[in-house]
Amino acid sequence: MIESLTGSMTDAMTETRRRRVLKVLLAGLAAHLAPARAEGGDLEKLFTLFAAQGERRRAFVERRYSVLFRNPPESRGTLFFRPPAFLERTVVSPRREIVRIDATNVTLTTEGDDGKPVERKASLASIPQLASLVLTIRATLAGDLATLRRMYYIELMQPLPHWRIEMKPVEEPAAGGVTAITMAGEGGDAQRLEFTETTGDRTEILLSAAK
Amino acid sequence: MSLLGRWLALLAAIAICGSIVVRAHIATDIAAFLPGPATPEQQLLAEQLRDGIAARIVLIGVAVSDESQSEGAARVAAALTKRLRADPHFTFVASGDAKDFERERDLLFDARYLLSPEVQPAEFTEEGLRAALTRLEERLTSALAPLVRPMAAADPTGEMIAIVERFAQRPPPRTLHGVWFTTDGRTAIVLAQTRNAGFDIDAQEESQRALQAAFSASRAEAANGASVSLQLAGPGVFAVESRTRIERDARRLSIFATVLIAALLLSVVRSLRFLVLAAVPVGTGALAGLAVIAIAFGEIHGITLGFGLTLIGEAVDYAIYVHLQRAAPGDPQGNARLWRALLLAVLTSAAGFIAMILSGFRGLAQLGVFSLVGIVVSGAVARFYLPELLPVPRPRRAPFDWPPARPVVLRVVQVGVASALLLACVQIVVRAPNVWTDSLSSISPLGAGSGDIDAHLRGDAGLPEVRWLIAMKRPTRQQALEQAEALRATLEEQRRAGALQAFDSPADVLPSDRVQHERQAALPPADVLQPALAKAVAASNFAPDAFVPFVAAVEKARTGPLLAPEYYAGSGLGQRLAAQLVGGAGGSTAVLVTVYGVDETKAGLLRAAIASHGAALIDLKEDVEHLLSDYRRTALWAALAGGALIVLLLALQLRSTRIVVRISAALAAAVVITAGALIRIEGSLTLFHLVALLLVAGVGSNYAIFFCRLPADSTARRTTLGSVLLASATTFIAFALLSTSTTPVLHMIGTTVGIGTLAGLAASAACAAVESPAA
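So the sequence lines, in the order shown, correspond to chains C and Z. In terms of the numbering used here, the first sequence has 25 at position 25, counting the first letter as 1, and numbering is strictly consecutive. In terms of the numbering used here, the second sequence has 214 at position 214, counting the first letter as 1, and numbering is strictly consecutive.
In short, the hints are calculated from the structure, not lab data. Fair warning: this is a prediction, and the values are worked out from it, not measured in the lab. Using N, Cα and C, we set each Cβ at its ideal position, and we do this for glycine too. Among the clues, some could well be false.
Not everything, but these chain Z residues come out facing chain C in the computed CB check (under 8 Å) [unchecked claim]: (1) Thr-141; (2) Ala-143; (3) Leu-144; (4) Pro-146; (5) Arg-149; (6) Ala-153; (7) Gly-178; (8) Ala-543; (9) Ala-546.
DSSO-like mimics (lysine-lysine), calculated; alpha carbons at most 27 Å apart, straight line [claimed, not checked]: (10) Z:Lys-556 to Z:Lys-535; (11) C:Lys-121 to Z:Lys-602; (12) C:Lys-121 to Z:Lys-99; (13) C:Lys-168 to Z:Lys-99.
This is chain C alone, in the form it adopts within the complex (with noise of 0.2 Å):
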């Protein structure tokens, strides 16, 4: 799975680099065509395709690739949408676990040691480490490209309609804080996304039709 993994961004990586060739070519024979501002309209287009989805739900599929781990542990469940902001993340296997995200803040309902649940309610600011991956998510979901610019620099590898982004944050992240994001989809559907933090742990979602 790593290895399937590692060898697609490469391959990635160099199309890219052969992309930006053709295009200063193209560039150089024909400067009214603006490369750059080309594929940042593919970047639009595609952010234009999220906002568009409105309120979603998905089944999710997410592993965690870490040193502490063997084998990378699984959970199953699915993630809702409504924008602009609430979040939610229910988890049922391996155990039940609900989020819930609100403007500012975060409810875990987890499962007690009788079975009942247990609420914890917390500010998103006191989190911060979960504070910005909210933000991230909240508005790649929401379309809202102006927000995401301001916290990565943003690259689109790979256009529409089988599309694929790099976001690499502008600021030095937190112990802890995520280091890479990269998102892969078709259309305005995104259907991977793989986080990588500082602890080198990478974290991978992905994104299915919910049943």
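Given the coordinates of chain C, work out where chain Z should sit on it, guided by the hints.
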């Protein structure tokens, strides 16, 4: 003694008093005009509020008019925070940026094995570690993973989470754009702590000037068009504000009173020489009063200086009486009569201050002693120094006679006074159950508005309310911490029962040595932990070498030193600890547990529950109100005693039951009318009004003595009348000016005596009686 000798003696006395006063410390500490502590816990609290860390907190609000401008407020607040951090006036500044708390988090994390309530021997066995690893994997795959992951290798058993959860009992303040905000989103909150003590008002003022400059600079730099304003609250801020106000009042009112009274005297008496001489008894009296309180109280309060102006109004009366009522030269009989009247006036006025002196309020007692000494000295100087020097008085008779030539006029005045008396009685009876107010805010020298800003910012910043506190005292710090640990379970129970929302115990940050030793003993040595961990890891999904830092950290905690308060030096936690763990004489330590969101209806249960731990729940509001009503009861008795003393003095001097009854009736009527009018105007009466009502009787007695024994001769009568009217006018001017003061104690006394002067004059006029020539 020769005239020269007497004046030399006076000048010497003035010089001595002057040197005492010049060297006296002028206090502006508002505590003198707040009730003193009644219980040891209140004593503790009062000290803490005055000297403690809490007194150094400045609550800063950066306000905008609309939530849409909140980003501007946040930018200015962040810029201000940065500036204040670089400013040596402040030792600690926070505005809600999560990065600010990294140092605190690191301190807690490094001490996790001594702090966590979950450190127990069973946790570090193979079985315990297995359970911990299962829990860790769950956490690492949950939404909390970004939080847990960086600590996972060093803290697989999750001690840090257990520690943090104890702190997370209460909802955090609202955060917008990375800065704390009030719930309405219109005010960004910055918390600063001054380097200097809260009671050092000069230093506080300097810090606040620095703060204001930093705010102006931050606004210029970061407001970006948003119109932001600065709000300040906190004990130091209030202290500076009230001092400024007291000083301004004292200066302004004294100048006004001097100018107005001088103008009045000059226009009526038309003698500059009299005016200059009249200042002698007034000035000597004031100086003597100040010298006596400087010796008796160790300091002179700024409010007393402000109150001094009333002495101008009262003491000048004696000069007026001496000047205008002196008998023609060669009529010693006539002057003897004046001296008797003057002595009586001085004594009854002085008796009017008894309620203040005996009220138990340090500040009021100071005002009372000052006035009593001032009046007696002024009267004496007027009697023994003025007569030889005063110019021959030009007759200044009242433009009318009293009792009036037409009896119907007297009748009208009598009916008027009787109706006012009736209305006042009705007013008092109607409001009977709620005539008195004992709330602190009604008498606190702080402006009413400052308290609102404080409550607003404090509540939203999640700072402890000033109203509730749990306190206990033990002979040693260790015993105090152990007691706090024992109290924790009870408080947790009470929290679940809804009696309070949250509490902060210092023992959570600094456990007792006993508990720390217990936790150290629960940690296994590395050669025991390592194999147990290896087995637990082998049974889990974790990699074999995942937890190397954990084993090292446990070994370090197991053999390392115990935590002491110094561990937290210079951090926010250190500040909190210093405020909550107060060292006293001989190593005794008081623990203050701050509580949040106390349910008033369940406070009784909470009080009972913690009492078994020897802890007391302090309810500042209710305790203060109890205290104030106690003071008020004392003052009421003192006022009644003062009233009785005035009557007794009258009886001894006048030796006529008929006249004494008459005068007493006039004084009682004046007091009741004043009380009724005050209830009508001010809504209810406080302790300060009460002590001033006795003053009304004291001042009024001067008029009643003259009115109830008017000379039979019409010319002499009009002369007397003229001097009484002039004297009452000066007194009225002084107290009416005092009533414009923004300091509650001065305002209340001024209003009461101002109204009382008029009521006393009217009631005395209604009781007017002409002395039979034989008497």
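Results of checking the hints against the structure:
The criterion of a C-beta within 8 Å of any C-beta in chain C is met by Z:Thr-141, whose closest approach is roughly 5 Å, and the hint holds. Given the 8 Å rule on beta carbons, the hint for Z:Ala-143 holds: about 4 Å separates it from the nearest Cβ of chain C. Proximity of Z:Leu-144 to chain C holds as hinted, the smallest CB-CB distance being about 7 Å (cut-off 8 Å). Because the smallest distance between the Cβ of Z:Pro-146 and any Cβ of chain C comes to about 4 Å, under 8 Å, the interface hint for this residue holds.
The restraint placing Z:Arg-149 at the interface with chain C holds, with a minimum CB-CB distance near 5 Å, inside the 8 Å limit. Annotation: Z:Ala-153 was flagged as interfacial toward chain C, and the flag holds, the nearest CB pair being 7 Å apart, inside 8 Å. Restraint check, Z:Gly-178 versus chain C: the minimum CB separation of about 7 Å is within 8 Å; hint holds. Taking 8 Å as the C-beta cut-off, the interface hint given for Z:Ala-543 holds, the closest approach to chain C being about 5 Å.
A least Cβ separation of about 4 Å between Z:Ala-546 and chain C falls short of the 8 Å threshold, and the interface hint therefore holds. Of the supplied pair hints, the one linking Z:Lys-556 and Z:Lys-535 holds, its CA atoms being roughly 22 Å apart against a limit of 27 Å. Between C:Lys-121 and Z:Lys-602, the direct Cα distance comes to roughly 25 Å. Compliance with the 27 Å bound is thereby established for this hinted pair. Of the pairs offered as hints, the one joining C:Lys-121 and Z:Lys-99 holds, with about 20 Å between alpha carbons and a cut-off of 27 Å not exceeded.
Restraint check for C:Lys-168 and Z:Lys-99: the C-alpha separation of about 21 Å stays at or below 27 Å, so the hint holds.
Of the numbered hints given earlier, the model fails none.
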